[in-house]
Amino acid sequence: MEQRSLFRNLSPLDHRYYLSNPEIFDRLSDFLSEEASVRYAVRCEAALLKAHLELWFDGESQKRLLPMLENLESKIAPNEVYAEEEKTQHNVRALVNVLKRHLPAELVPFVHLGATSVDMLDTANSLKIRDAVRLVILPQLIGLERGLCRIARQEAHTPQIGRTHGQHAVPLTVGFALAEYVSRLGKSILEIQKRTGDLKGKFAGAVGAYNATSVMTKDPEKLERRVLAYLDLEPSEHSTQLVEPEYLLRLLLELNVAFGVIANLADDLRNLQRSEIGELREYFSSTQVGSSTMPQKRNPWNSEHVKSLWKAFAPRVMTFFMDQISEHQRDLTNSASGRFVVDYLAGFSAAVARMSKVVAGLSVDAEKLQKNLHEGAGDLVLAESVYILLSLAGEPEGHEIVRVLTLECEKSKRALIDVLRDRPELWTKLAAQLHTCTGWDPEAFFSQPERYQGIAASKALALAEKYEKEMNALKEALDVI
Numbered sequence: 001m002e003q004r005s006l007f008r009n010l011s012p013l014d015h016r017y018y019l020s021n022p023e024i025f026d027r028l029s030d031f032l033s034e035e036a037s038v039r040y041a042v043r044c045e046a047a048l049l050k051a052h053l054e055l056w057f058d059g060e061s062q063k064r065l066l067p068m069l070e071n072l073e074s075k076i077a078p079n080e081v082y083a084e085e086e087k088t089q090h091n092v093r094a095l096v097n098v099l100k101r102h103l104p105a106e107l108v109p110f111v112h113l114g115a116t117s118v119d120m121l122d123t124a125n126s127l128k129i130r131d132a133v134r135l136v137i138l139p140q141l142i143g144l145e146r147g148l149c150r151i152a153r154q155e156a157h158t159p160q161i162g163r164t165h166g167q168h169a170v171p172l173t174v175g176f177a178l179a180e181y182v183s184r185l186g187k188s189i190l191e192i193q194k195r196t197g198d199l200k201g202k203f204a205g206a207v208g209a210y211n212a213t214s215v216m217t218k219d220p221e222k223l224e225r226r227v228l229a230y231l232d233l234e235p236s237e238h239s240t241q242l243v244e245p246e247y248l249l250r251l252l253l254e255l256n257v258a259f260g261v262i263a264n265l266a267d268d269l270r271n272l273q274r275s276e277i278g279e280l281r282e283y284f285s286s287t288q289v290g291s292s293t294m295p296q297k298r299n300p301w302n303s304e305h306v307k308s309l310w311k312a313f314a315p316r317v318m319t320f321f322m323d324q325i326s327e328h329q330r331d332l333t334n335s336a337s338g339r340f341v342v343d344y345l346a347g348f349s350a351a352v353a354r355m356s357k358v359v360a361g362l363s364v365d366a367e368k369l370q371k372n373l374h375e376g377a378g379d380l381v382l383a384e385s386v387y388i389l390l391s392l393a394g395e396p397e398g399h400e401i402v403r404v405l406t407l408e409c410e411k412s413k414r415a416l417i418d419v420l421r422d423r424p425e426l427w428t429k430l431a432a433q434l435h436t437c438t439g440w441d442p443e444a445f446f447s448q449p450e451r452y453q454g455i456a457a458s459k460a461l462a463l464a465e466k467y468e469k470e471m472n473a474l475k476e477a478l479d480v481i
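The numbering of the sequence shown is the working numbering, which starts it at 1 and goes up by one.
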């Protein structure tokens, strides 16, 4: 068979992003490829056959025939199924015909017996997405979260000027700023794990009312539970021909939440690498080129790349919502759109891999951080604390007084401490109240604005510790699966 060049493929996922992430994409292929889809469908058919063995065969026959169903998926070649589909023009019936060729005559009448196509397809879809998320994507996310925890802890005490609306606000620390993402992404990761456990299967027949299996048994729901137990799944609470779509939808939506958190982090990291800010820096190798014409450029392209992937894939959430709707007991309007869930998972995985690379190589420029805090922001960032201290000292118009003083500072190009010293009545109140509340000397306080950082450092450390524990516990749970 002639080998097709990767560069003949149409989707960037199949050449550019595959080459950037070969190990991850090969691992995803174990669960999400067309080959894997056939394998999971065979696994579902094998589960049904095992249930039929229990229902219709004596103990001796069960012992003899059951081994023939073990690893049945390894015996069915996808190209054999596809060749059969050329004749049948029906994918599941093609699979059924191929299965019959690989089974003893006694089992052949029971292949697919009582099932409709989507019993197998929706159940297999839940299985493959659950496994791909649990065994590939969640470990990736855990690695990224651990990296964020590491930096949050490492830089918990590193002063940084906070920013709101793109303007200097009040001091915090680098670790605290990154702890935002530790918290947001950490919660999303735990929710993703929960949602994988909520995915369901079905063996309820053509309209979900168990018509076919009611002919076979007085308790068709028990038979359904038996089939799905072999696959470690629970049945959808109600089925049409389809599993209720919201189980998968909620998982995909939470993945999209995590995607948004990662894109927001990418945006913040990109902005902090601006020439005029320069507080953080992505790793840039000795052979890397930033510009085809400007040799000095060190572009934050990895962070930009993550946001670009988010722009490409996050809007697909609209298709996920649209696939909620299927007329009456089933139509085929999700037959094409539903296939692109795999693309979304691959694109998300590529973004996680790229952000993990950014976080692993992120460096902090302490000198630039200090410069931005002291020279760029100056002691005006303490205006909030001055207003609060004056108010605590009994000054009813503390905010307005300080607001006017800051305007004077901007106009005269003087420091806030100098303007305050010119007003002895305010300075005396301020100094006394500062000492009462904090024990700090006002001269030292104004010369070290980074001291006004609240509990930024302890909060960063606490969140890093919390989510490191959560991720370790989740990793242990996944290792067991």
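Don't take every hint at face value.
As the list claims (entries may be wrong) - Result set (DSS-like, lysine-lysine): computed pairs, CA atoms no more than 27 Å apart in a straight line:
{"id": "1", "residue 1": "50", "residue 2": "222"}
{"id": "2", "residue 1": "371", "residue 2": "459"}
{"id": "3", "residue 1": "368", "residue 2": "459"}
Just so you know, the hints here were simulated from the structure itself, not pulled from any lab data.
We went through each hint and held it up to the structure:
no.	hint	result
1	50 x 222	holds (14 Å)
2	371 x 459	holds (24 Å)
3	368 x 459	holds (23 Å)
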